[in-house]
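Protein chains in written order, with our numbering: chain A, 304 to 562; chain B, 83 to 466.
Bear in mind the hints are in silico, worked out from the structure with no lab data behind them.
Treat the hints with care, since some could be wrong.
[To be verified] Partial chain A-side listing against chain B, Cβ under 10 Å, derived:
| hint | residue |
| --- | --- |
| 1 | GLU372 |
| 2 | LYS376 |
| 3 | SER379 |
| 4 | ARG488 |
| 5 | TYR489 |
| 6 | PRO490 |
| 7 | SER491 |
| 8 | PHE492 |
| 9 | GLY494 |
| 10 | ILE495 |
| 11 | ALA498 |
| 12 | LYS499 |
[Stated by the list, open to error] Every beta carbon over 10 Å from chain B, so not counted as near; a handful from chain A, in silico:
| hint | residue |
| --- | --- |
| 13 | GLU422 |
| 14 | ARG427 |
| 15 | THR507 |
| 16 | ALA526 |
| 17 | ALA531 |
For each residue, glycine too, the CB sits at the ideal point set by N, CA and C.
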Amino acid sequence: MNIVVCVKQVPDSWAEKKLNPSDSTLDRDSVDAVMNELDEYAVEEALVLQEAHGGEVTILTMGPEKAGETIRKALSMGADKGVHVVDAGLHGSDAVATSAVLAKALGTLEWDLVIFGIESTDARMSVVPAMVAERLGSPQLSFATKVDVADSTVTIQRQTEYGFDTVEAKTPAVVSVVEKINEPRYPSFKGIMAAKKKPVTTLTLADLGLGADEVGLAGSWSAVDEFAARPPRQAGSVVKDEGDGGVKIAEYLAGQKFI
Amino acid sequence: MTTTWTDPFATEERRALRALTREFVERDVRPHLDQWERDGELPRTLHAQAAAAGLLGVGFPEEVGGSGGDFLDSVVVTEELLQAGGSGGVLAGLFTHGIALPHIVAAGDPDQAERFVRPVLEGRAIAALAVTEPDGGSDVASLRTRAVRAGDDFVVDGTKTYITSGARADWVTVAVRTGGPGFGGLSLLVVPTDTPGFTVVRRLEKMGWHCSDTAELAFTGCRVPAANLVGPLDGGFVQLAQQFVVERLSIAVQAYATAQRCLDLALEWARVRETFGRPLATRQVIRHQLVEMHRLVDVSRTYTRQAALRHAAGEEVVAEAALAKNTAVAAAEQVVYQAVQLFGGQGYLRDAEVERHYRDVRILAIGGGATEIMTELAARRLGL
Ligand SMILES: Cc1cc2nc3c(=O)[nH]c(=O)nc-3n(C[C@H](O)[C@H](O)[C@H](O)COP(=O)(O)OP(=O)(O)OC[C@H]3O[C@@H](n4cnc5c(N)ncnc54)[C@H](O)[C@@H]3O)c2cc1C
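Please take these sequences and the hints and turn them into a complete structure.
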């Protein structure tokens, strides 16, 4: 069974992020870049499935040159090869444009499953997996907390407020996972040394047959009109409990329209 | 002429190794470190987790269960373990095998490697090194613990003290006297700690390195198979001495990396702490102190790394390793002092990270060849 895992390089979730004043995109130079945390769970799940079913795990990423580091990290965790879509024209792509690129790139690969982390920590939209599945015409199994594959059927569990949904589809299919699903392994030191020798192919927009107007800022359906720095945090108000603390909390919550 | 500088400590693989070490520290060390400091030891699960990341085996060949890589890779792990917020105690307790196993690996007996090296690098067992005795530390040649041949066994009698991981170890590489007095009569023997006659006399309470257990060990008629003899009979001193350079450079790395961590913490603090209406970092006195700390760290790092690079390339750097240790340790002592000073009252409290480093650093001038011994060694190498 061949699996493609889509991973994204994101700014360190804990870092203070800045936007470029010129085009309202993220200033990637000002922060450390890391693999999107949820994608680590996706990579782990792919490796676990590979251990059980064989086949190859391919890492697909779209992003600037530097995003190659994220592919290397996944390769050092144990994935077999990488595909990196890199092109200056991609700068500023939103979820719709990104899904167009990933779907095209997936069209060049052989796979039974595509696995995504459910969201990226920078954009937090959770829509790219669904958009990619739609473009590919593949079934979509989202928010998985467990994935099983038997013959050509993939079954996932999705946690709900009441219990679990069990959702089933035929492969090829697109799966997105949440962090409850597993505990990602470390990219071991041996893995780091081995990753150097694993193949990474790069693809440009021209290779994918996509025009400049279909991606990047031009091809995006959403745009950032303006942004402002977060206002400095205000000092909180301290309420003294003089036996009426409960009432005061209720008054506060009511004042904020929470109750 | 133009040249481009490529930093051998920042190659793509070493940056990935650094990131891996940081991830390990953030995920598996920092959340638990305060508890381990109170417990007085590291849990065995940590060894398994470090092994899973391949960190325990860095610098050890794959044939014996290591991860490959060389001494420079170990330098990267040591640096980042501290700079990501780990501690000297974690380094001492988790990487005790860094001093306990190299002689066994170098001796090249595949059976010993399978029995004593592989399980440790795989995080399933803990190894320690016991050289120091109650009346013989710096003066290794005067050790008194005896091992007497009896048929296929050696019978060991004696006492060892200040032994890192001694209370948790599954086996201990012990320096024993098998021959006459002096350097020539010493051998290395692996003693499993379930051998009858082996006892942990007591755990020693210390100024720092609280999460690293340190013990006094007694050997009373301990019978160990002669197959546990490491390397040639009466060749122990040379085997120990062959590891001295790596041990001293590693302590130098530990010293400047601890100092770098304290500088990072102090800098962050100086930027946010306001007194008399302005952040500390805007005062010239403070800025100059921070520059001084940076100078001490950077010079120590540069000198030590240079010696490490030369050692890795096969050059003899006995004097340089001794001087690197003294330089980096003295720098670290000043930097931790100044970091506590910058934190003010906060820096004196038990839950301040700089307070822990302040205590942890003190051992570095004593262990692995004390400062005075290093200076004397350098004097001799320099022909003074
Ligand atoms: C926390 C901790 C962990 C340790 N872990 C281990 C371990 O795992 N395994 C192990 O075998 N040992 C270990 N040691 C022991 C350590 O290596 C020794 O403490 C060290 O070698 C110094 O020996 P000593 O304590 O006997 O001091 P001494 O040798 O008695 O030295 C006392 C002082 O005198 C100075 N001095 C000694 N001789 C001379 C001289 N000729 N001229 C001038 N000055 C001199 C020394 O520099 C030192 O300042 C550990 C110690 C500690 C505290």
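Hint by hint, here is what the structure shows:
For A/GLU372, the interface hint holds, since its Cβ comes within 10 Å of a Cβ in chain B; the closest pair sits about 8 Å apart. With a least beta-carbon distance of about 7 Å to chain B, the hint placing A/LYS376 at the interface is held under the 10 Å criterion. With a least beta-carbon distance of about 6 Å to chain B, the hint placing A/SER379 at the interface is held under the 10 Å criterion. A distance limit of 10 Å between C-beta atoms decides the matter here; for A/ARG488 the minimum to chain B is near 7 Å, and the interface restraint holds.
The criterion of a C-beta within 10 Å of any C-beta in chain B is met by A/TYR489, whose closest approach is roughly 4 Å, and the hint holds. Satisfaction of the interface hint for A/PRO490 is found here, the shortest Cβ-Cβ separation to chain B being roughly 6 Å, below the 10 Å cut-off. Satisfaction of the interface hint for A/SER491 is found here, the shortest Cβ-Cβ separation to chain B being roughly 3 Å, below the 10 Å cut-off. Because the beta carbon of A/PHE492 sits about 4 Å from the nearest beta carbon in chain B, less than 10 Å, this interface hint is met.
The interface hint given for A/GLY494 is met, as the beta carbon of that residue sits about 7 Å from the closest beta carbon of chain B, less than 10 Å. The criterion of a C-beta within 10 Å of any C-beta in chain B is met by A/ILE495, whose closest approach is roughly 5 Å, and the hint holds. For A/ALA498, the interface hint holds, the least distance from its beta-carbon to any beta-carbon of chain B being 8 Å, beneath 10 Å. The beta carbon of A/LYS499 comes within 6 Å of a beta carbon in chain B, closer than 10 Å, and the hint placing it at the interface holds.
The non-interface label for A/GLU422 is consistent with chain B: the shortest C-beta to C-beta separation is roughly 21 Å, beyond 10 Å. No Cβ of chain B approaches the Cβ of A/ARG427 within 10 Å, the least distance being about 22 Å, so the stated non-interface status holds. Against chain B, the non-interface label of A/THR507 holds: every CB pair exceeds 10 Å, the least being about 23 Å. Remark: the non-interface label on A/ALA526 is consistent with the geometry, its nearest Cβ contact in chain B lying 34 Å away (cut-off 10 Å).
Against chain B, the non-interface label of A/ALA531 holds: every CB pair exceeds 10 Å, the least being about 23 Å.
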